[in-house]
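Novice: The residues making up each chain are set out below.
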Amino acid sequence: MALVYPLSRIRQILGEDAEYEGSYEGEVTGIAALSEASSGDLSFLGNPKYKADALNSRASVLLLPKGFELESGSGQLHVRVANPSFSLALICRDMESQLFPKPAPGVHPSAVIEPGAVVSPEASVGAFCFVGAGAELGACILEAHVSVGRNAKVGDGSILFPRVVIGDYCHIGRRNRILAGAVIGSDGYGYEYLDGAHQRVPQIGRVETGDDVDIGANTTVDRARFGSTRIGDGTKIDNQVQIAHNVRIGKACLVVAQVGISGSTELGDGVIAGGQAGFAGHLKIGAGAMVAGGSAVTRSLSPGEKVRGMPAESMMLFNRIAVLQRRLPELFKRFDRLEKSIGSSGTENAPTEK
Amino acid sequence: MALVYPLSRIRQILGEDAEYEGSYEGEVTGIAALSEASSGDLSFLGNPKYKADALNSRASVLLLPKGFELESGSGQLHVRVANPSFSLALICRDMESQLFPKPAPGVHPSAVIEPGAVVSPEASVGAFCFVGAGAELGACILEAHVSVGRNAKVGDGSILFPRVVIGDYCHIGRRNRILAGAVIGSDGYGYEYLDGAHQRVPQIGRVETGDDVDIGANTTVDRARFGSTRIGDGTKIDNQVQIAHNVRIGKACLVVAQVGISGSTELGDGVIAGGQAGFAGHLKIGAGAMVAGGSAVTRSLSPGEKVRGMPAESMMLFNRIAVLQRRLPELFKRFDRLEKSIGSSGTENAPTEK
Amino acid sequence: MALVYPLSRIRQILGEDAEYEGSYEGEVTGIAALSEASSGDLSFLGNPKYKADALNSRASVLLLPKGFELESGSGQLHVRVANPSFSLALICRDMESQLFPKPAPGVHPSAVIEPGAVVSPEASVGAFCFVGAGAELGACILEAHVSVGRNAKVGDGSILFPRVVIGDYCHIGRRNRILAGAVIGSDGYGYEYLDGAHQRVPQIGRVETGDDVDIGANTTVDRARFGSTRIGDGTKIDNQVQIAHNVRIGKACLVVAQVGISGSTELGDGVIAGGQAGFAGHLKIGAGAMVAGGSAVTRSLSPGEKVRGMPAESMMLFNRIAVLQRRLPELFKRFDRLEKSIGSSGTENAPTEK
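Protein chains in written order, with the numbering used here: chain A, 16 to 369; chain B, 16 to 369; chain C, 16 to 369.
I should point out that these hints are in silico values taken from the structure, not numbers from a laboratory. Please read all numbers here as calculations on a predicted model, not as lab measurements. We put the beta carbon where it would ideally sit given N, CA and C, even for glycine. Keep in mind that a hint or two might mislead.
As the list claims (entries may be wrong) - Looking from chain A toward chain B, a few residues come up when the C-beta cut is under 7 Å (computed):
id, residue
1, 178
2, 202
3, 205
4, 209
5, 233
6, 296
7, 311
8, 325
9, 329
10, 344
11, 347
Claimed, not checked - Some chain A residues flagged as far from chain C (calculated, every beta-carbon gap over 12 Å):
id, residue
12, 23
13, 31
14, 54
15, 63
16, 67
17, 88
18, 129
19, 133
20, 141
21, 195
22, 227
23, 232
24, 289
25, 297
26, 301
Extracted from the complex, chain A is given alone in its bound form (with noise of 0.2 Å):
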C-alpha cells in the first residue's frame, strides 16, 4: 500500500477524547491485524480477549480500549479511545479518501461521447468509455473502458469501475458503486418455442437502480422483457449476482455473492440471501426474509421467514433434518435390530441397495 499517513491526521481524526501513551515518531504505513502488523503498521484491539496478542503485536501504533491496562513498548503509540473500531472506521474512511482519490471533472480524450449524449460538466469520464447517443451523465465518475449505451442514464455521485456496461435506456440512481464488469441491462432469457426452435421473445424494458446501489463485480443484471427490472434504494448487491428481467428487488437489500435470482421474483425490502442461494421465477420473497447460503427457494417466503437447504424449508426444519440425517446410520441400525427381536413375520428384508 502507497499509504504514507502522518500522526497528526489521526490525532486530529480522533479529536480531544483520545489518551495517548508512549511514542512513534514515524508515519504510519499500513493497518493490519495484531498478530500480523510490523513497523510502521497501524493495529487495534477491538477484543480484551486478544489481550496476549497486542502485548506482543509490532505495531507501531495501536488502538486501544480507554481503561485498557497495557505497556507500550519502545516507540510504540497507545491510543485509548471509547470504541477502538469506531475510531478505526474513521481513520480508514479518511485514508481510502487519500488512497482512493476522486479524479478531476472532465472526459478524457480518448473517450467517445456520441453526438446527442449530455455530460455534466462536473463528470469524469476516463480512458476508452463510450457514451452513446442520447445518453445522460450527471455528475459522476466513469473509470476506464466504461460503456453507456444510448439513452441511458446515470445519476449525480455515481462511480463506475472500469469496463462496467449500462445497457440502453437504463437507469442508474445516485451514488451507485458499480463494480468492475459488471453489466447492466443485458437482454433478459425468454424463449417460445415455436415451429422447432426457441423463438427469442423480445427485451424491450430496462433496469432501474435507486439511490444508494451497490453493484458488485461481474455481476449482470438482465434489463426487462417490458417495463422495469428494478433495483431499491440502499441495497447492496455483491460479485456475480444474477439478476433476471423482471425482477424486484426492495430497499436496503444485502444480496450475496453469486446468489441467481430467476425472471420476476420480488425481494421485499430488508431481504437478506446469502451466497450461491437461487431463487425460482415469479415468487415474492417477504421483507426481512433471510436465505442461507446455497439454498434454494422455490416458493414464496412471508416476511422475516428464515429458511435453508435445497429445497429451502424453515431454518428450523432444515437444521432438525440436518442432525437426524448425520443419525440415519443409527436409525437403520435399530431398525434391523428391532425386527429382528421382534422376528416379525410381517416385515421384508430390505432390498438390497443397488
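With chain A fixed as given, assemble chains B and C onto it according to the hints.
Specialist: Frame of chain A; chains B and C shown alone:
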C-alpha cells in the same frame, strides 16, 4: 423508455382482424402490466381471470381477447384480437427493432483492425474494438470494446455486445447473439501434477458455435484441449454459465444462468439445465434430459431423464425423499415410542448426537 | 485451427527413441481423438483398451505405445514411443507456442500509460490498455483492453488476457496467467448497519498473488479490508470463482469453476475445491483438504479432510447418508408394517404430510 409509438403502426401490425372500441388520441409510450400501467401505456389481458385488473387499468390501449366484455374507459382504446399475447409479441418485436436499431455498416475510427484481418463491408465494428490478424468478420455487428482474436471467425448476422471476447482461432456461427462480457475461448482448466507442481496442459483447441446460438452476459466457454468445444445450432445459454473445455452441447438446448458444465461432458439435443445446476466431467446427457435448478449431476443420463438433487436422482425419487425427509423428526419419535413400548432388550439407546 | 505442423518437427521433439512405421507425406494440421480424427490429424492411443478405435482411426499420424501391435494403414504413419500421452504433451506444448506466439515487446500506440507509470522495455502492452499512475509493469504481456490501476504491479513473465482489470495497489506475481475478464482488486463486500442503512466499510487493502498463479476468466478477487487478500504460489483458479476480501489461499491449491470463498477464510496449501463449492467466512481449511463440487463448507476442516454435502460432512458419512436417503421410502414402509404387526397401542398414526 424513449418510446414513441404511433397507433397507426399498431393497426398496421394487427391487420384487419382486430376490432377497435373507444378511442385514445395520443401515442403509445410504454408497455406495462394491467395493474401497473399508466396513461400512454399499452397493456394486455393474457388470462381472463384478471378481468378486475383490466377493469381498473389506467392503460391507454388494451389488448383483449375477442368477445371479451369490458367497457372502455374515457380516452381508452380497446383492441380485441384472437390471441392478445401473440399480438403483443408482434408489437414488441416491432418496437424492439425501433428501440435497438442496427448500427450502419462500417468500422469506427477508434477501432483497431490488425493487418491480415478480413472485415465484411457489411460488418459494423464499434468503438475501441480490436480485431486480430487473420480474423474474418462476416456481416456481423460488434458493439464497443469487443475483442476478436487472431484467426477467429464471426458469421453473418451475429451480434457481439459490448466487450465480448472471442479468443484466437474460435468460430462463431451465423446469427449468434453474444451478450456483454461473455468470454469465448478462454484456456481450458487442465493441469498435471509433476515435479511437485501443477503443470499446465496445453490448450490448443478452439470453440465452435453453430447458427442461432445465444450466449449470456459474462458467460465463459473454454477452448478445447485440442479439437473443439462445441455449442449446437439453436442452443440458448443464459448469463454466467461456465462451459469447460471439450464440452459438446447439442442443438436447441436451454442452459439457464450460472450452470457449470465440466470438461468433456456432452449434452444431447434439447437438454434443459435449470439455473445453478452443475455437471461433473466426462458425462453423456441424453437428448431431451431435464435437470432441475441447483442439481449436481454426477452420472450420465438417459434421453428424456428428469433429475433433481445433489447428487441428482430421478425427479420422482427426489420428490419422495424430500417429503420423507421432512417426516424424519416424526419417524424418530415414532421409533423411540415403538422401541419403548416393546421394551426390547435387543435395542440400545441411540448414541447422543455430538 | 490454422495449424500447419511439419513431421520433421515431431521427429525432432520425440528424439531418437521413437520408432516409425508406415508413411505420411503431408503435414499435421490438427489433433483429434482416435475416433474423430480425419486426414492430416495426429492422434494417440493413451489406453490399450481403445485398440479398436486405433484400428479404425483415419488419423494420418498415430502415437502408440512401444510394442503395441497394429498395422499402419496406407498413407498412415505410426510412431511408437514409451509414453504416448507424455509425447503428445511435448508436441502440444510446442504447437501451443506456435499457435499463440508471444507478442513483441512494446506499447501499442492506442494504449494510455499515465504519467508516473513504469513499463519495462520488455513488456508488451496491447491495444486500448490503460495503465494508471505509479503502476509498475515487469516483462509481462497485456492483451487488448487491460486496465491496470494506480500503483499496481505486474511481475515478469505474467500474461493478462483481454480486458483483465487489476485494481489500484494490487500486486501480481511472476508468471501469472490471468484469463479474460478477471477482476483482481474489486471492493470487498462489507457493510455495517447504522442509522437505518447499510454503511460501506472502507476497503483499503489490496490483492497479492504469488508466482505461477493462474486465474480464470471472469473470476473476481476482492481487495482486503486492510492488509492483503492473498493467493499463494502455484495455485490454479478456474473461471467465475469468487474470492472475497481477506481470503488467504495457500500454495498449489486447485479451485475449480464457480467456487465462492467468503471473507477471511484461509485455505492451506494443496487444498482442492470442486466446482460450485461454497465456503462460509472466517474458516480455516487445513492443507490438502478436499471439498467435493457443489458442497457448502460451514466449518473449519482438518488437514487432508475430505468433505461433501450441504452442509459439508465427511465424504464417508455423506456417502452413507446418500445411500440411506434413497432407502427412506422403503424404511417408512417397513416401519408402517412393523407398527401394524405389533398393533402397539403406544404408537400413533403418522401425521399426514401437508
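Novice: Hint by hint, which ones does this structure get wrong, listed from lowest number up?
Specialist: 3, 4, 6, 9, 10, 11, 20, 21, 22, 23 and 24
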